[in-house]
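Protein chains: 2
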Amino acid sequence: MQDVARAARVSQTAVSFVLNARADANIPQETRARIWAAVARLGYRPNAMARALRQGNSSLLGFVTDEIATTPFAGMIVRGAQDVAWQHRHILALVNTDHQSDLEQEAIGTLLQHQVGAIVLVAMAHKEVVVPPLLDGFPVVLVNAYSRDERVSAVLPDEVRGGHDAVAHLIAFGHRRIGVIDNLATSVAAPLRLQGHRQAMQEAGLEADPAWVVHVDGWQEAGFDGAMQLLHRPQRPTALFCLNDRAAMGAYAAAQSLGLRVPEDLSIIGFDNQEMISAHLRPMLTTMQLPHYEMGRWGVQALLSGKPLPGGRTLLPCPLVARHSVARPAD
Amino acid sequence: MQDVARAARVSQTAVSFVLNARADANIPQETRARIWAAVARLGYRPNAMARALRQGNSSLLGFVTDEIATTPFAGMIVRGAQDVAWQHRHILALVNTDHQSDLEQEAIGTLLQHQVGAIVLVAMAHKEVVVPPLLDGFPVVLVNAYSRDERVSAVLPDEVRGGHDAVAHLIAFGHRRIGVIDNLATSVAAPLRLQGHRQAMQEAGLEADPAWVVHVDGWQEAGFDGAMQLLHRPQRPTALFCLNDRAAMGAYAAAQSLGLRVPEDLSIIGFDNQEMISAHLRPMLTTMQLPHYEMGRWGVQALLSGKPLPGGRTLLPCPLVARHSVARPAD
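Same order as they appear, the protein sequences are chains A and B.
Following numbering that gives the first Met the number 0, the numbering of the first sequence begins with 0 at its first residue and continues without gaps.
Following numbering that gives the first Met the number 0, the numbering of the second sequence begins with 0 at its first residue and continues without gaps.
Read the hints as simulated data drawn from the structure, not as lab findings.
We put the beta carbon where it would ideally sit given N, CA and C, even for glycine.
Be aware that a few hints might be false.
Stated by the list, open to error - Cβ pair distances, simulated, as ranges:
no.	chain 1	residue 1	chain 2	residue 2	range
1	A	Pro-132	B	Ala-278	24 to 30 Å
2	A	Arg-175	B	Ser-256	44 to 50 Å
3	A	Ser-10	B	Glu-127	51 to 57 Å
4	A	His-323	B	Ile-26	16 to 22 Å
5	B	Asp-101	A	Arg-175	32 to 38 Å
6	B	Gly-217	A	Asp-97	34 to 40 Å
7	A	Gly-173	B	Ala-203	56 to 62 Å
8	B	Thr-185	A	Gly-310	35 to 41 Å
9	B	Gln-1	A	Ala-278	51 to 57 Å
Throw the hints in and build the complete structure from the sequences for me.
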């Protein structure tokens with residue numbers, strides 16, 4: 000603890016307060032971050048942490064998310080995790096870090112002091128994360144996230160296969176001119192879903208012309224704009240693959256404004272199965288289900304099964320939810 | 000423990016397994032329920048529970064919900080609770096009981112054994128609940144729920160005031176013929192929102208004619224049907240108050256199918272501010288915000304503030320979110 004205090008240029012009392020999560024200590028955010036950085040750098044383990052690491056038989060399971068409120072997806076991951084945890088009579092100890100990495104470190108420290116037996120790190124949008132060094136050697140699973148070095152077990156949606164299956168579904172209905180609306184900008188999911196699109200086109204002997212893929216930035220409005228761009232071409236597409244359901248909602252509005260009926264004049268397929276949208280558009284949207292519930296289950300099951308963690312990435316399928324927005328093309 | 004075993008007609012070993020949340024004990028659901036019922040009836044406190052009750056200084060906070068995944072509202076309550084909990088450096092220990100009361104009892108028992116310092120009981124839809132006798136004398140707050148005997152502190156949305164303010168907003172714009180679509184069936188929120196409607200009409204010297212209130216059962220489709228009923232009357236309403244945003248979404252579709260423009264020909268106001276809908280309808284929906292985040296905050300703050308719990312019900316406002324679906328009537 001002396002070493003940590005020296006490295007962080009603070010008093011031992013401050014280190015002790017931070018490591019013991021004293022809320023009343025009133026230590027600035029910046030100082031707390033410096034202390035946790037020193038803890039990580041020096042590989043220091045306070046007693047409670049060391050105990051938790053030795054024991055590993057706690058029935059508390061740390062559940063650290065970067066976000067909790069903006070989409071119903073969060074709820075599905077929590078629910079999947081909770082269902083399996085409770086089968087094993089474990090309780091989830093939940094922390095939402097709101098995308099702040101210094102908060103994440105502090106939260107993880109606090110969870111370790113509560114002697115959680117293992118930790119699930121959850122991202123709400125599929126992405127790359129850095130696992131805090133504090134967790135070296137501790138049982139951890141990443142859900143909807145992966146670390147570059149692949150040392151930590153991760154469970155992820157099979158985005159490539161999902162993109163492939165969406166486009167193969169359109170092709171099976173007889174579509175050849177398929178427009179793609181990519182509204183996901185910097186998401187790691189977008190290039191994977193697009194890779195699936197290219198695979199499906201190539202398998203069917205069709206050209207995956209990049210000119211048929213429009214890139215727009217935003218949600219429903221972006222979907223509307225992207226669809227308008229594609230539908231104003233001389234040879235208009237008979238089907239649209241939208242990289243998420245919110246873009247598909249915008250595409251419905253574009254079709255309507257042009258007097259095109261879905262699916263008679265234009266087939267539309269989405270991605271995510273965001274039910275608040277997909278089940279309530281008219282006609283109901285055909286889309287790909289993201290496996291949030293299943294990833295939550297998988298993560299906790301891997302930690303509590305008693306078997307060694309598998310390591311690397313495990314991909315779970317994104318099954319097709321066939322509703323009413325896809326039909327044979329008219330021409 | 001002997002008494003519990005006798006009352007529940009099981010062995011002491013079974014009682015011990017259940018109270019200690021042994022996942023591998025393989026005791027049938029029905030038997031576990033009987034044991035917890037006996038525990039509650041006899042007022043028995045296992046050692047760990049007694050310890051937790053004495054200590055009360057744990058930095059774990061039990062968070063028991065009846066549902067977690069179906070609406071983004073769940074996320075907002077969790078987020079509000081978590082934000083305040085973390086300010087106090089407390090961690091939420093989360094259990095989702097999926098509306099099963101025997102599971103709830105067992106979950107609460109397990110939380111007590113984990114020495115949570117207090118418990119928040121959360122309902123996703125505003126409703127009456129029975130607080131398990133196991134929690135007699137333990138620090139508990141109800142969020143979005145209340146118990147009939149009013150002994151337990153509860154925080155709730157001010158539904159009456161919200162209904163009042165929604166209708167008063169329409170009246171302020173000059174509307175006199177206001178239709179109401181109630182699609183909430185057995186919800187406790189519906190009669191309160193309707194009471195607010197009557198208050199606002201009476202304050203403005205208008206008659207709150209029950210014939211202008213249609214009761215339909217369901218979501219978007221019900222909203223569509225209800226709006227069609229009201230809009231086909233000889234004297235059609237110039238504005239609709241929909242008891243939730245999903246009904247409002249259906250009312251938009253009804254207006255469109257009749258060639259009525261929102262808001263020029265028909266003003267529409269919703270309730271809930273379910274943003275996935277309200278912010279993405281065109282025009283964007285004017286609606287009342289449910290205070291889920293604020294209720295989550297309030298609940299945890301009440302438990303961790305160090306002050307005595309206030310008891311009874313605390314009502315939090317449902318503020319108006321004025322977007323673009325309300326305008327002056329044409330006639």
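Quick rundown of the hints versus the structure:
1. Between Pro-132/A and Ala-278/B, the C-beta spacing of about 40 Å breaks the proposed range 24 to 30 Å.
2. Between Arg-175/A and Ser-256/B the beta carbons are some 34 Å apart, a value that contradicts the proposed interval 44 to 50 Å.
3. Taking 51 to 57 Å as the suggested C-beta distance range, the pair Ser-10/A and Glu-127/B conforms, at roughly 52 Å.
4. Between His-323/A and Ile-26/B the Cβ separation comes to about 46 Å, which falls outside the hinted range of 16 to 22 Å.
5. Our hint of 32 to 38 Å for Asp-101/B and Arg-175/A is violated, since their Cβ atoms are close to 56 Å apart.
6. A hinted range of 34 to 40 Å for the beta carbons of Gly-217/B and Asp-97/A is consistent with their spacing of about 36 Å.
7. For Gly-173/A and Ala-203/B, the hinted distance range of 56 to 62 Å is satisfied, since their beta carbons lie about 59 Å from each other.
8. Separated by about 50 Å at the C-beta atoms, Thr-185/B and Gly-310/A break the suggested range of 35 to 41 Å.
9. Restraint check, Gln-1/B to Ala-278/A: a C-beta distance of roughly 53 Å satisfies the suggested window 51 to 57 Å.
The earlier numbered hints that this structure contradicts are 1, 2, 4, 5, 8.
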